[in-house]
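Based on the provided sequences and hints, a complete structural model is requested.
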Amino acid sequence: MIRVAAVTENNEKITDIEISEVNFSAYKWWWIDFSEPTEEEIKQLDTSLHFHPLAIEDCIHSLQRPKLDYYDEFSFFVTHAVGAKELEQKEIDFFIGENYVVTFHHWDSAEINQVWSRLLKQEDINEWDEYRIFYEVMDKVVDNFFPIVYHLEDEINEVEENPGDKPMDVLLDHLFDLRHQLLRMRHTINPIRDLFYRMLSSHRLEGIRERREYFADIYDHLMKLSEMVASNREITNDIRDNFISINSYQQNKVIQVLTVITSIFAPLTFIAGIYGMNFVHMPELEWRYGYHASLAVMTLLTIAMILWFKKKGWFG
Amino acid sequence: MIRVAAVTENNEKITDIEISEVNFSAYKWWWIDFSEPTEEEIKQLDTSLHFHPLAIEDCIHSLQRPKLDYYDEFSFFVTHAVGAKELEQKEIDFFIGENYVVTFHHWDSAEINQVWSRLLKQEDINEWDEYRIFYEVMDKVVDNFFPIVYHLEDEINEVEENPGDKPMDVLLDHLFDLRHQLLRMRHTINPIRDLFYRMLSSHRLEGIRERREYFADIYDHLMKLSEMVASNREITNDIRDNFISINSYQQNKVIQVLTVITSIFAPLTFIAGIYGMNFVHMPELEWRYGYHASLAVMTLLTIAMILWFKKKGWFG
Amino acid sequence: MIRVAAVTENNEKITDIEISEVNFSAYKWWWIDFSEPTEEEIKQLDTSLHFHPLAIEDCIHSLQRPKLDYYDEFSFFVTHAVGAKELEQKEIDFFIGENYVVTFHHWDSAEINQVWSRLLKQEDINEWDEYRIFYEVMDKVVDNFFPIVYHLEDEINEVEENPGDKPMDVLLDHLFDLRHQLLRMRHTINPIRDLFYRMLSSHRLEGIRERREYFADIYDHLMKLSEMVASNREITNDIRDNFISINSYQQNKVIQVLTVITSIFAPLTFIAGIYGMNFVHMPELEWRYGYHASLAVMTLLTIAMILWFKKKGWFG
Amino acid sequence: MIRVAAVTENNEKITDIEISEVNFSAYKWWWIDFSEPTEEEIKQLDTSLHFHPLAIEDCIHSLQRPKLDYYDEFSFFVTHAVGAKELEQKEIDFFIGENYVVTFHHWDSAEINQVWSRLLKQEDINEWDEYRIFYEVMDKVVDNFFPIVYHLEDEINEVEENPGDKPMDVLLDHLFDLRHQLLRMRHTINPIRDLFYRMLSSHRLEGIRERREYFADIYDHLMKLSEMVASNREITNDIRDNFISINSYQQNKVIQVLTVITSIFAPLTFIAGIYGMNFVHMPELEWRYGYHASLAVMTLLTIAMILWFKKKGWFG
Amino acid sequence: MIRVAAVTENNEKITDIEISEVNFSAYKWWWIDFSEPTEEEIKQLDTSLHFHPLAIEDCIHSLQRPKLDYYDEFSFFVTHAVGAKELEQKEIDFFIGENYVVTFHHWDSAEINQVWSRLLKQEDINEWDEYRIFYEVMDKVVDNFFPIVYHLEDEINEVEENPGDKPMDVLLDHLFDLRHQLLRMRHTINPIRDLFYRMLSSHRLEGIRERREYFADIYDHLMKLSEMVASNREITNDIRDNFISINSYQQNKVIQVLTVITSIFAPLTFIAGIYGMNFVHMPELEWRYGYHASLAVMTLLTIAMILWFKKKGWFG
Ligand SMILES: [Mg+2]
Ligand SMILES: [Mg+2]
Ligand SMILES: [Mg+2]
Ligand SMILES: [Mg+2]
Ligand SMILES: [Mg+2]
Ligand SMILES: [Mg+2]
Ligand SMILES: [Mg+2]
Ligand SMILES: [Mg+2]
Ligand SMILES: [Mg+2]
Ligand SMILES: [Mg+2]
Ligand SMILES: [Mg+2]
Ligand SMILES: [Mg+2]
Ligand SMILES: [Mg+2]
Ligand SMILES: [Mg+2]
Ligand SMILES: [Mg+2]
Ligand SMILES: [Mg+2]
Ligand SMILES: [Mg+2]
Ligand SMILES: [Mg+2]
Ligand SMILES: [Mg+2]
Ligand SMILES: [Mg+2]
Ligand SMILES: [Mg+2]
Ligand SMILES: [Mg+2]
Ligand SMILES: [Mg+2]
Ligand SMILES: [Mg+2]
Ligand SMILES: [Mg+2]
Ligand SMILES: [Mg+2]
Ligand SMILES: [Mg+2]
Ligand SMILES: [Mg+2]
Ligand SMILES: [Mg+2]
Ligand SMILES: [Mg+2]
Ligand SMILES: [Mg+2]
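Chains as they are written, first to last, in UniProt numbering: chain L, 1 to 316; chain X, 1 to 316; chain U, 1 to 316; chain H, 1 to 316; chain E, 1 to 316.
Since the hints were made in silico from the structure, they are not lab data.
A hint or two may mislead.
A pair holds if it fits inside one copy or across any two, identical chains being indistinguishable in the list.
[What the hints assert, rightly or not] Cut-off 25 Å, straight-line C-alpha distance, at most; resulting in silico cross-link-like pairs (DSS-like, lysine-lysine): (1) 166 x 28; (2) 311 x 90; (3) 121 x 13; (4) 13 x 312; (5) 13 x 140; (6) 310 x 166; (7) 166 x 13; (8) 253 x 140; (9) 253 x 28; (10) 310 x 121.
These figures come from a predicted structure and were not determined experimentally.
In C-alpha cells, the structure reads:
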C-alpha cells in the first residue's frame, strides 16, 4: 500500500492523491508511506521518485544494518524496529529530502500507523514538517525497545532467583537464550545510537538541528538502552559463573559424603569378611567373647574415623 | 514542598515568598527547591517557571540516567544521589539559569537540606550564588559515595578472609551481591564523572569556570571513586577464581582419599570373600596355617599399596 | 596470462594488443590483468610498466596482508579474496594510476573473470573507467564473503542444536574449528574494511570520491560482515561455556547417584557381613526370628536413608 | 620538621632561616621541605605560604590519588612513593611556583633526604633550581619502583616453578596476593605515568620543557614499569589457568584409577559372595573342581577387564 | 670493537681510521659501529662523539625498552633484535645525526655484520647514506622476527594436533611456555611497530621521509607480525579451553562408568551377603530351588538396571 499525505502552504492536508500524479514541489511538505508494498508499488521509488539505485536496493533487501547515507538530493536512513513478541527485527527506511519524507517497510509498522493517524487527526499542523514525522516515528520505535529490555531484565532476575526451583540445566539454557537475545538487542540499539550521534553533529540535516532537544532526547534513551543491555550481559555472566561455582562446591560436598561412607564401611566390611572365612583353624572364632570383641573393634574403628573426618571438616 | 530563597543586591535573604508571586529578575540570585512536590506543585515548573517540556518530563519520570542538557534559557543537570542503607538511587535535578538554580527531587534529600540550612545560617553570603549552591550540593552528593564504596571494600575483604568460616556457597552468594552493587555504583558514578569532565571544559557554564578548582576537586573525587569501583570488581573476580581453584584442589584431595581407601580394601575384601566360599573341596581351608597365611598375604598387599600411593603422592 | 583491454577516447574497446607494444597514454583508459602469470610475464611489471620494486615484491610474494600504499605514480592496493570451499585466502593486487588499473593474481580469479567478460559484453561503456573496474571487482570479492559467513553461522547453529546427537567432544572439536575459521575471516575482513575507510576519506583517490556512494556501499557490507564475525565468535564462546556448565551439572547428578547407591548398600552389606561371620558364640544367630529381625533392621535403615536423601534433594 | 634552603643570586646556599621570617622574593630560588610536620607546622602552608585551601586540604588528607593541578600562582603535584618492604603508599606533595618548590610528606621520605643532602654537599649549584629538585626527587621515587616490580616478578617465577614443592592451595593463595600487589602497583604507576605525559606536553611548566630529556627519561621508566606490571598480571593469569588445567587433568587420572579398581573387584567380590551363600542345594559347591573353576572364571574376567581398560587408555 | 666507515664527497670509502683521530665534518657521511665494546671503547661515546649523557646511559644499560628520543643534535633509537635460538632480546642502539649513524650493541650482531660487509663490497654507493644504513639494518632485524613467529605457530599446531600422543599435562606445560614466548615477542614487536609509525609521520627525520616507501615496507611487516602474535595468543587460549572442555567431558564419562559398575554390583553383592548369613532359621536356604531363585532375582535386577542406564544414556 502506498499512502500519500501532502501539506499545502496553508497547512491543509491532502491525502487523496496518487503517487504517480502528484507535483511534489507544489506543496509545503509531503509524506509518502510504502507499507508492505507490492513489487509494482516498489517500482515507484524509481519511476516516480527517482531515488538513487543503491538506496532503492537497500530498501528492497531487508536486514540491511542500521545506517545513514547522504545522497545529493536526500538523506537515506535505515532503522530497525523490534517486534515485542518474537524480537524479529523489522527494517524501516526513510528518505528525507528538501520538503518530503518517504517511509518504506516490508511489514505493517504499528509505529508508522500511529503517527499517520495522529497527523490526520491533528488540527493544527503548523509545527509539523518532514523532520517532525521522522522524529515522531523514531520516538515510538525507540520507546518500544524499553519494554523488551525490561522484560529481558525480569527474566534474568527470574533465572537468578529461580522461584520455581527449576533444575540448573534448564536455567542455563534459559540464560543462554537470554544472552543471545541481549546480543541481538545490542546489534539493533548500538548502531542506531551511533547514527543519532552522527545526526546530532551533522551539518547536513537542517531540520534535526532545529529540533536538537527532541532528537537529543531520543539519543538519551538509546544511551540508556545500550547501557542496560551491556550491564545485563555482564550480569548474566556473573550468574553463570555463580551457578558453576556453587555447583562445583556442592559436588565437592557430595564427594565428601561418598568418601566418608566408603571410608567407614570398607574396613568394617573387611573385618566381617575376615571372620566369615571358612578356615578350619581360626582360633578367634572359638573364643568365648570373640564375637563381642570383633564388634568392639569395629565400634572403636568407626568412632576413630568419625573423629578424623570431623577434624577434616568433612561432616557438613 | 516548594521552598524559595531569593537574595537581593544587598545580599539580604528573603525566604517568605510564594513561587507564584515572585518577580525573579528583581533579585541578585535565587534558589527554588522542589522537595517531594505534589502534582499541583510540579505544575509550577511549567506555569511559573516556564521550563522546556522535555526537561520537565525528565524531572517527573525518575531513574533518568545522569545527564546534562543545554537549553536556550538554562542548563539542565540530572544526578543520582545514593542512599547509604539500601543503595537506592535518588535522582536530583538542577535547572541552572542566568541568576537562579532550581532543584527538584521526589525524595527528601539530606544533601539539599544541609545546604539549605547552611545558606540560611550563613551571615556573609557575599561569595554565594547559584553555582555555589550547585557546588555545595554536588560536593555532598559525591562525598556520600565514599562511605558506600568503602563499605563494599570492607565486605569484599571480609568475604576474602572469611573470619566466621562461612561455607563457600554463602560466600559466593555474598560475592555475587557485592559485584551487583559495584555494578550499580559504577552506573551511578561513571556518568556523573563524565558529565563533570564535560562541564569543566564547557564554554556555556560561566559560573563553573570561575570556580574551576572547586569543581575540579569534585571531579577528582569522582575519578578516585570510579577507579576504586573498577579495581574492586577486579578483586572480586580474583577472589571467585581463587575460591574455585582452591575448591577444585580440595576436591582432588578428597577423591584421592576415596581412591586410596577403595584401592586398599577392595582386594582385601575380595580375598576374604574367596575363603568365605562354601566349596566342599577347598584345600587351603584345611591347611594348618591357612588362616595365618591369608592374613600375611593381606598385610603384604596392604603394605605394597601404601608404598605405591606414597610414591604417587596421594597421601596428603 | 596477461590480458590487455584499452579504451579509446571514442569508447572503443581494444583487446588484441600485447603489453610490450602498447603506447598507454594514447588511450582514454586501460586495464591489464595478470592472471596466473609466468615468471616471464611477471617481469613485465618492471620492464613494460615500470612499477616500484617494493610494489612488485609485494605482488610476487603472496599472503601479504591487505594494504594500501601510495606511490608517486600510482596507488597500490592488496586485497584477499576467499575461496568458498576451503577458505584459502587468494591475494589480488591492484595498481591504480592516472588512466589505468592493473590487476595481478597468482590464482584464477572468478571475480575478475566475471568483470572482464562483463566489460567485453557491455555495449555502452561511457560510464566505465579504471575505478569502475576496481569497484566491480571489489563488489564481487566482498559479496563472496557473505555465503562463507552465513555458512559458518549455520554450522554454529547446528553445533548448538546438535540434531544428530553427537557426543560433546566431537561438538567441541567442531566448535574449535569454527572459531579458527572465524578468526581467519576476521583477519581477512577487518583490514579490508579499514582500508575502505581510509580510501573513502583519502584525498588521493579522485575516482573513489566521484563514486562515493558505490564504495560506501561496499564499506557498509564490510562493516556488516565484521560485526557478524565478531558476534559469531562471541556466540561460540557462549556455546562452549554452556556446554561446560551443563556437563559439569550432569556430572554432579551422576556423582549424586553414585553416592546414594554407595550410601544405601554399604551399611546393608556390612550388616549381612556381620551375620555371615563364623564365630561359635553368636547368640543372635540362634534366635527364632533373628533372620527376620535383621531383615527388618535393614529395611528400616534403607527407608531412613532414602528419606534423608530425599530431603537433601539427591533424588533427581 | 620544616627545612628551608634558599639560594641567592650568587648561588650561595642559606639554610639557617625560619619559614616565618623569610622574604622569599629576595632569593634566586628556594626549597622548603615539610617532613612529618606537626599540626602547628602544617598551618604555615596557609599563614606563611598562602597556598590555596583546596591544595592544602589535599596535602593534609593522605591517600589522595596522584594528580596535577594548575593554580594561578603555582602547580600542585601529588605523587606516591612506595615503601619497599610493605608496599605501603607514601604520598609526596609538591608545590612548584615561580622561584620555589615546596615538598610535603607525612612520612620520612628517603628520596627527599637523599636529594636534600646532595644539594647541601654539592659545591657548584649553578645548574640547580626548583625544577631540578623536582626532577631529582621524582627520579629517585620512580627508580625505587623497579626493585619492587622485579621482586614481584621473581616471586611469580617462584610460584610457577615451585622449587619447594608446596601444595597448590598455598601457591594459589600466594598468586592471589601477588595479583593484589600488582594491582596496587598499577594504581600507583599508571596515574603518575599519565601525569608525566601531561607535564611533558604542558605549556605551563617552563622548567620541565627546558629539561625535556630528563623528564622524558623518567616517563620512559614509567612506561617500562607499567608494561612490566601489565604483563606480569597476564602471566599470573596464565599460571593460574595452568594450575587449574593440570589439577583437573590429574583429578581425571585419579578417577580413572578409582574406576579401574572398582570395576575389577566389584564383579570378583560378587562371584565370591555367590559361593559364600549358605543354600542347602547349591550343586556347584560339591563339584570336584568347583573351587578351581570359580578361580579360573575370576582370573579370566580380570584379564578381560584389564584388556578393556588398556584399550580405553585408562592405564596411565 | 669500534669500526669506522667514512664516505667522502666522491663516494670513496675510508675504513682505516681511528675514532679519536677523525674529523667528521670532512666527510659526506660516516658510520661508526660499536660491537661488543670494551669499557674503554664505550667512553668514546662521550669523549669523541659528545653524545648526551642520558643517551649514553641508555646505551650502557641493556634491556631498555624500544624507544625513539629526539635530542638537539641527533635522534636516538633503541631496537630489540631477537636471537632465533633462545629468543634472547639483543638491544641495538642507533644515534642518527646530520651526516652520520652510530650503532651500538653489547653482543655480536649478525644483522649489522651483514650490512657492514655489503657496504664494503658494494661498488656504487651513490645511493647510500646514514639512513640507508639504518634501513638496511632494521630490514634485517624485522625479517629475522618472521622465522621465530612461524616456528611458534608450528609448535602451537603441533600441540593442538598432538601427533606423539603426549599426555595432557605435558601439552599444557608446552602451551604455557608458548604463551610466554608470544608475550615476549609482543613486547619486542609492538613497541618497534609504534616507533616506526611515529617515525613515518615525524617531521624530524628527513632521511626517512625521502625513503618513505622503504620504511613503510618495514612498518607493514611489523603490523603483520603483531597481528600474527595476537592471533596466535588467541589460538592458544582456544586450545587450552578446548583441552579443559574435553578433559571435563571425559571425566564425566569415566564417572558414569564408575556409577554403572557400583550401581549394578552393590545390590547383587548385598543379596549374596544376605544368603551368606549364618542364622539358624532361614527358610529360603532350605528351599529346593532357593539358590536358583536367588540367581534369577539377581539376573532380573541386573537387566532392569542395565535398561535404566541405557535410558539415561550412561552407556557411552
Ligand atoms: Mg544489522
Ligand atoms: Mg520518548
Ligand atoms: Mg558494562
Ligand atoms: Mg563480569
Ligand atoms: Mg565473569
Ligand atoms: Mg527525556
Ligand atoms: Mg544510571
Ligand atoms: Mg568534598
Ligand atoms: Mg546507566
Ligand atoms: Mg581534594
Ligand atoms: Mg582496574
Ligand atoms: Mg581475574
Ligand atoms: Mg613488502
Ligand atoms: Mg593478513
Ligand atoms: Mg554488492
Ligand atoms: Mg547496499
Ligand atoms: Mg559484536
Ligand atoms: Mg561471552
Ligand atoms: Mg589511584
Ligand atoms: Mg633514573
Ligand atoms: Mg601486556
Ligand atoms: Mg588481567
Ligand atoms: Mg590467560
Ligand atoms: Mg634512561
Ligand atoms: Mg619492552
Ligand atoms: Mg624486508
Ligand atoms: Mg588480531
Ligand atoms: Mg578469544
Ligand atoms: Mg590474549
Ligand atoms: Mg577463548
Ligand atoms: Mg572460560
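Hint by hint, here is what the structure shows:
Proximity of residue 166 to residue 28 under the C-alpha cut-off of 25 Å is found in neither arrangement, the shortest distances being 61 Å within a copy and 65 Å between copies. Proximity of residue 311 to residue 90 under the C-alpha cut-off of 25 Å is found in neither arrangement, the shortest distances being 64 Å within a copy and 44 Å between copies. In this homomeric assembly, residue 121 and residue 13 come within 25 Å of each other (Cα to Cα) only inside a single copy, at 10 Å, whereas the closest approach across copies is 51 Å. Proximity of residue 13 and residue 312 under a CA criterion of 25 Å is satisfied in neither setting, with 86 Å inside one chain copy and 70 Å between copies.
Taking the closest pair of Cα atoms, residue 13 and residue 140 come within 25 Å of each other only inside a single copy of the chain (23 Å); across copies the shortest separation is 46 Å, beyond that limit. For a Cα distance limit of 25 Å, the shortest separation of residue 310 from residue 166 across copies, 16 Å, qualifies, whereas the shortest one inside one copy, 33 Å, does not. Proximity of residue 166 and residue 13 under a CA criterion of 25 Å is satisfied in neither setting, with 58 Å inside one chain copy and 64 Å between copies. Taking CA atoms no more than 25 Å apart as the test, residue 253 paired with residue 140 passes in neither setting, with 53 Å inside one copy and 48 Å between copies.
In this assembly of identical chains, residue 253 and residue 28 lie within 25 Å of each other by CA distance neither inside one copy nor across copies; the values are 77 Å within and 72 Å between. In this homomeric assembly, residue 310 and residue 121 never come within 25 Å of each other (Cα to Cα): the closest approach is 80 Å inside a single copy and 66 Å across copies.
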